[in-house]
Amino acid sequence: MQEARMLKRILIHGTIYVEPAGDKELKGWGVTSKEELLVKLREFEDVIAEAGRRATERGEIDKASNPIFCKLKDAYIAKDTKGLQDEIRHAFTHFTLSGRFSKQELASHQRLADFRYPIEWYPATRAMQRTFHLHVGPTNSGKTYHALQKLEAANSGIYAGPLRLLAHEVYTRFNAKGKPCSLITGEERRIPEGAKDTMKSCTVEMVPLNSKVDVAVIDEIQMIGDEERGWAWTQAVLGVQAKEVHLCGEVRTTDLIKKLCAMMGDKLIIHNYERLGKLQVMAKSLTSRHSERDGPSGKESTPVSKLEKGDAVILFSRMRIHAMKNAIEAHHRGKRCAIVYGSLPPETRAQQAALFNDPDNDYDFLVASNAVGMGLNLSIKRVILESVKRHNGTDFMTLPISEIKQIAGRAGRYKTARDAIEAGPIDVADSIPTKPTEPPVGLVTTFFKTDHEILSSAMSKEAAQMTTAGIFPPANVIERFAEYFPKSTPFSYVILRLHELGSLSSEFHLCQLKEQAAIADIIQEFDLTIRNRLIFLAAPVSLRDPGVVNVVKAFARCVSNNTGGHILNISELSLELLDEDPDTFTRQNEREMYVRSIERLHKNITLYLWLSYRFTGVFHSQALAFHIKGLVEEKIDLCLAKAEWQEKARIKAMKRNVELLNALSEDKGIINTASVDGPLEGNISEDSKESLESKTPLMDETSGNPRMYSDAQANSEAQSGRRDASDKKTGTLKIPLHPKLRGRHASP
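Numbering (my numbering), first residue to last: 1 to 748.
The hints are all genuine.
Derived lysine-lysine pairs resembling DSS-like cross-links, with alpha carbons at most 30 Å apart:
no.: 1; residue 1: Lys79; residue 2: Lys603
no.: 2; residue 1: Lys259; residue 2: Lys514
no.: 3; residue 1: Lys63; residue 2: Lys79
Think of the hints as simulated: they come from the structure by calculation, not from any bench.
Starting from the given sequences, assemble the full structure and let the hints guide the process.
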C-alpha cells in the first residue's frame, strides 16, 4: 500500500490551492473570502485523507467503493503530477460548488446531460426519408470509386473526408471535370467564381447540415468510433440532409450502421467489396533476430540492407523516421528516401508521396508513420513494420488489428507507379482499379521475428465489430449548463462536469476531452464569451508542441481585446524562423531542432487561418498568412531534402523503449492498474493524431451545425419525446506504472 500512502501525502502540496487567490478565483470556487477558502481546503484535505485511508487500510481502490482515490490514481498514472494537479483542481471545485445547488437545480443538471437520443438533435433531417449505401471492403477494393461515381452524377452533393488532402483532391478533380465544386475545410474556403455552388468538398467536421442535397459521400466511416473525432462522423450520419448517403469504410462498421439506420428509420443497402489485388504476409521477417535489442548474429545482414525498390518502412516516432531515412540513404548509395508523418504539412506529405511514386527518379524508398493509412495514393510493393508496438502517451501497446490491416493494405499498388503519378498523390479514386491478367501481390512483413508472429496473427483475424459511435454535447446545452455556475468558475470544470453527468444509450459514447480541458484553463484568464471559449476548444491545437501555450494565449488576448490580430504583430508566432538558413547550422542537433521549429510554425500559421474564418474582424491578415504558410512549406521541403538524422539515435531510442516495455510488463504494484471508463478502441500515437484533420470533439460554427452555433434553424435542439433509462457500456484498460516512473515521487 506504499503507493496509496504516497498519493495521500502529495495530494495538496504543490497545487494551485496553496497559492494566493484573488476575488475572481474565490467566486469561481463558490466562496466569499480567503478565510472561507482555507476552511474549505481543510475540509477537502480531510476528504482526501479519508480516501487514502480507505485505500490503505481497507484496500478500497475501485471506482465504486472509492471514486475519489480511483480518479486521482488514474490521473497520476496517466499524466504524472501534472495530471494529479488537474484532477485535484477539478475535485476541489466540485467539492466547493456541489453544496450550493438545490435538488431542483441538480435535477436540471441531469436533464441537460441526457444524451441518450442524439438522433433527435436533427428534426429537419428526421423529417426526410433517406437511403444509406454502406460500401465496405479492404484497401484497394474500389469502394470509394463507386461512391464518388454516384456523387459526380448528382446535381448537388457533399463529399466529407477525414483529411484536408482528400477534400482538396475531390475539389480539384471535380472542377477539372467541369463540375463546379467548393472547398470547405477548417482553415481554407474556395468558392468557384461565376458558378452556382452545387458541390461541396469538406473535411467531415465542416459538413453543412442545413443544406439539402441529392447525394452525400462520407469517407472512412470507421472513424465514427474514434475516441476524439468520432462525433464528427456521427453528426454527419445523423444530420446531413441528403436523399442518398454513401458511407465508405471497413467491414467492422456494418453492425453499428445497421443499428443507427434502424434508429433513424432510414433504408440501408450494403455493398461488399473484395480487394482487387492479393495481399499476403511474407514467410518471415527481414532478419531472424527477435527484436532490435538482439545484435546481428554471425554474418547476418541488417534489415536496412535487405530493403528493395518500392519498400515502405513504417515507424511510430518522428526522430526514428528521420534516422531511418538517413540509414537507408547511407546504405543504398545514390538512392533517396521519401518520408511521410503526421506533423508534416499535408502539402508536404503529398509532395513526398509524389516523389516516391515517380518511377523515373531516385526516390526508391519510403519511410513513414501510420499517417500512410489514409489519404495518400502510394505505389508500395512491400510494407515493412519496424515494430508492431507503439507508445500511446501512457504505455506501450500492440497495434490493434484494424490498424495493422489498414497499414498493410497500402501494399500492392507497385504495378501502377506510372498510373499513380499521373493520377496524383492523393488517395481518392478517379477511376476504378481493374484486375490485370496477373494481379499484383502486396507484401507485408516486419524487421524482426517477434513482431512477425504478431503481424501474422493479426492478418489472419477479423477486427471486432464496432459497438458505439462518438457524440459530443451540443453547444447550446453547454451554454445553458454553464449558466448554473458563477461566471468565474473554471470553464474546464464546467465541461468536465457535464461529461461526468452525461447519460448515454448503448449505441453511443462521449468523445474524450484530452486537451480541451487544458486549453480551457489556458484561456481562462481572458474575458471571453462561452461561445468564443467553445470555438477555441474546437481549434486544431496540440499542446505537445513547445510554445503553443503562448501562441494560444496570444490569440485569445486578441479576441478578448477585439484588436491586435495582424499576423505580423503576434510575436509568439516566431516568424523570424523564416530568415534562418539551415545550411549555416554546423551541428546535427541544430538542424533537427530547426526542422521541428519550422513544423510548429506551420501549425501555428494554420491555427491563425482557422481562427481567421471565425473571428474575421480580429485576424484580418488572411492573405498574408496564406503567403507565409507557403513560404514555410517551401522551407520544410528544403530541410527534408537535406536532412541527415543519426541512426545511432534511432537505435538508442528503440533499445530504451524495449527495456521500458519489458520493465512495465513485470510491474505488479497496487497502483499499477488503472480503470479507465469508456470505449478504449482507437489509434493513438505520436503521429496518428497529427495525421488526422483535427482531434477536437467540439463542433464548428461555420459547418452549419445546429447543435453548436444556430438557435432557431431547421435542425435546432429537439431533446423531447420519450426518455428511457439506459446505461453506457464501459471498457477497462490496464495501465502499468513502473517504479522508474513513480520513483521520484515515492517517499523513502
